[in-house]
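Going down the list, the protein sequences come from chains F and B. The first sequence begins at 5 in our numbering and counts up one residue at a time. The second sequence begins at 8 in our numbering and counts up one residue at a time.
Quick caveat, the hints were computed from the structure, so don't treat them as lab data. Honestly, I wouldn't trust all of these hints.
What the hints assert, rightly or not - Simulated coverage check for chain B against chain F, where a stretch passes if three residues somewhere in it have a Cβ under 8 Å from a Cβ of chain F: (1) 18-25; (2) 41-52; (3) 128-136.
None of the values given here were measured: they were computed from a predicted structure. The beta-carbon is built from N, C-alpha and C at its ideal position, and this holds for glycine as well.
The residues making up each chain are set out below.
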Amino acid sequence: MKFGILVNEGPFNHQASDSAYKFTEAALAKGYGIYRVFFYYDGVNNANKLSEPPSDDRHIVRRWSELGKKYNLDLVVCVAAALRRGIKDELLAEGFRISGLGQLIEAGIQSDRLVMFGD
Amino acid sequence: MSQGDEPSFETGVVKKFLYLNRKAPYGTVYALEVLEMVLISAAFEQDVHLAFVDDGVYQIRKGQDTKSVEMKSFLPTYRALEGYDIEKLYVEKESMEERGLTSGDFVVPVEVIDRAAMGSLIDSMDVVLGG
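With the sequences and hints as input, model every part of the structure.
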């Protein structure tokens, strides 16, 4: 089973990013494949390396980067959604890349299941 | 991928994509950004369906004027979908009636189906996206 993951909401403001992270982490731990994690709508804010939560809280952005590094995940931020929200290459945390919406559609085609997190 | 970062538009696989629109337009960005997904999936020559439920039925209501809220109207995009061979549009009957609307209130031709049929439609899809 190979999953595609779609994150539709920003970090901290909404549970979606936490749920997506936990789902992805659990799937990988069970040996499932993750074709791609795609960040859309306010989800693009999950890639902002300037995010600096209090030290006693989870660091959502860094957590994605670390999971990406560990499993060589393809973490893709939608260019159109990102530009609207001021997320550009120079703001990207490690392991993220910016690309087009076609990457999401392709993930839908290539994955056995595309799982969407958000409202 | 053949050319740099560009996705391959010819995968040879055609899946049933459903875009489930549940939110009114303009109050949140979901309706606009769903349309952007819809247009890209058409470029991938997928079997694209759009459904309008809950306040999503307002997205295609006739007579919208966004001038005073300083937002660009994306109503014309729904009318342009036909040009991309996207003609499978569904409105949930209960959502429409609860809001006092009829099938004549929409800017594009739609098939009105009841809630049970909407459930079956969603169940028959390969990929469900929306906002």
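Going down the list of hints, with the structure as the test:
no. : hint    : in the structure
1   : 18-25   : holds (count 4)
2   : 41-52   : holds (count 6)
3   : 128-136 : holds (count 4)
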